[in-house]
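K.L.:
Each protein sequence line maps, in turn, to chains A and B.
Letter 12 of the first sequence, counting from 1, is numbered 11 in numbering that gives the first Met the number 0, and no numbers are missing.
Letter 122 of the second sequence, counting from 1, is numbered 121 in numbering that gives the first Met the number 0, and no numbers are missing.
In case anyone wonders, no lab produced these hints; they're calculated from the structure.
Just so you know, even glycine gets a beta-carbon here, dropped at the ideal spot from N, CA and C.
Possibly wrong hints are sitting among the right ones.
[Stated by the list, open to error] Rough simulated footprint, nothing fancy, chain A against chain B, three-plus residues with beta-carbon under 8 Å:
1. 21-29
2. 41-53
[Unchecked claim] In silico lysine to any residue, SDA-like type, Cα no more than 20 Å apart, as pairs:
3. B/31 - A/1
4. B/71 - A/1
5. B/31 - B/9
6. B/172 - A/1
7. B/156 - B/71
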Amino acid sequence: MNTEVLIVELSRNLQPVPLHGPRALLRRGLIRGAAVAMVLVLFWPSLAVRSDLSVAAVTMGFWMKLLYTASIASLGFFALERLSRPGARDLHWTRLLWPPIALLALVTSIQLAIAPDGNTASFWMGSSWFQCPLYVMLLSVPVFVGLVRAMAHLAPTRLEAAGAAAGLVAGATGASIYALHCAETSPGFVLLWYSLGLAAATLVGAAVGPRLLRW
Amino acid sequence: MTAAEEEWGRLMVAAQQGNAGAYRRLLDELRKWLCRFYARRLPPAMVEDAVQDTLIAIHEKRHTYDSERPFKPWLAAVARYKWIDRLRSMGRATMEELPDDIAIEDHESSVTSSVILTQLMTKLKPAQAEAIRLVKIEGFSVEEASARTGQSGSLIKVNIHRGLARLATIVQKQPDVE
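Pulled out of the complex, with its shape left as it was, chain B reads as follows:
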């Protein structure tokens, strides 16, 4: 356990006792950690949302942290739980069309930085992985993805849905990463 993580544990204990200053410092640090955590696991457009969602979850469940145990596994378990949730909901939510000017900056590196997600996708059937990569990560519409892959539009949707469900299952069965 690094010194920083021990410090997080101490800050959380102070927060549990009602110390708002300690809590704010903790959340600021966790935010950075969570950004890195999700940047490797989710498409860039979803990272900010996932971070906020997890911060809220941490807030609502902060009484479940046991001060006698290390903080990091607690944090990682919450983050991972919310990640699985996200993977599932990626299938349900229809992606909003983004205005063209948003994705320009740093697009390439953000896309390639979802390393863990990309690795996981190698465990899917190629057609599923392709559909998810095009529509959910690179932001093509279903029609465009259909034209590029030769899968019909409804097949693209089915493959996304099944692939994401499968991803969530794979992740759940894996031992904690990080």
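Next up, chain A with everything else stripped away, as it sits in the complex:
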């Protein structure tokens, strides 16, 4: 086809596009995925919401976990939204993650200092370290699917970075939901194992991004 003809065809019947469409699309994908993850946490045989949730909900440990994962999820979402459009400048978006990580590291070291009773093994390993990253990964899968489906309507041009951002948001959302189940209270545990789950989700996202996100 001749290029002039193509241009005429493309501009015929031009439909207006929704403002803020990309963000809304991503948000919808995120919410759908999170809903599935929530159902999983409720009904997965070995999961279920912790029975002492109403007690836990007034403790620092519970909110610290949630604040850590949710802040990473929202920072990741900011990066994801940029990376889902062409021409995102090289914003060194990994730097965005340092504040929550540094803050949690600070809390961790304070706790270590003021609690010298010395059971460091349980401080770092809790009683569920082996399952934490795995469940975080499991719960991040539906969120990741939701985000990738939304991104199919968008236009990421740096597929590895966009995949990593999607993985990070999915991991952090999955971790936030897992926090409803997980009864660990040590900041050291969260810093170590939750972060490991997030990192794994990010790496998987970066690895599959170039395959899944092409357009």
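Starting from the known structure of chain A, fit chain B onto it as the hints suggest.
P.N.:
Below, chain B alone, put in the same frame as chain A:
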């Protein structure tokens, strides 16, 4: 940012709101820009196709342009993305034999104008660059290229395939040009 580029941003915003006239003007201008963009980066026979492909991509993804940001980086990123796609697909697609009378006009200057592509090819192994230059840019058949270089036919194909894959990787790692 030049005045023209600001104007493109305005036209795109109007297009996003459904203004077909503005959109058509924009696409006409982008077409010229894209022709120049690809003429420096692709063999001449592929330029028109790449331009059309990119215009369609711009159309389908026009909602991803954020009116608060400059238009040019958005455009350049789409064009570059499609360019990398092209480099990859050059390896897969078998070149059609062109009728002899097509490539006569202005052949020399179109070939030498793929400056950026030519520059990039200096980063490849000489055998790969040679195979790509002969078959994909100058339009020789695999047999002819084989006779000229002394590489066997299958080696020519392998070198084209590997060279193009390598080019796509190099381009992807480079910061945006233009």
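K.L.:
Given the proposed pairing of residue 156 of chain B with residue 71 of chain B, does the C-alpha separation stay at or below 20 Å?
P.N.:
violated, 37 Å
K.L.:
When you check the alpha-carbon spacing of residue 31 of chain B and residue 9 of chain B, does it fall within 20 Å?
P.N.:
holds, 18 Å
K.L.:
Against chain A, does the stretch 41-53 of chain B show at least 3 residues with beta-carbon separation below 8 Å?
P.N.:
holds (count 3)
K.L.:
Taken at face value, is the distance from the CA of residue 1 of chain A to the CA of residue 31 of chain B at most 20 Å?
P.N.:
Cα-Cα ~14 Å, so holds.
K.L.:
Can you tell me if the stretch 21-29 of chain B counts as covered by chain A, using C-beta to C-beta distances under 8 Å and a minimum of three residues?
P.N.:
holds (count 4)
K.L.:
Within a Cα-Cα threshold of 20 Å, do residue 71 of chain B and residue 1 of chain A meet the stated pairing?
P.N.:
violated, 25 Å
K.L.:
Holds or violated: residue 172 of chain B with residue 1 of chain A, Cα cutoff 20 Å?
P.N.:
It is violated: about 33 Å lies between the C-alpha atoms, which goes past 20 Å.
In terms of the numbered hints stated before, the structure departs from hints 4, 6 and 7, listed from lowest to highest.
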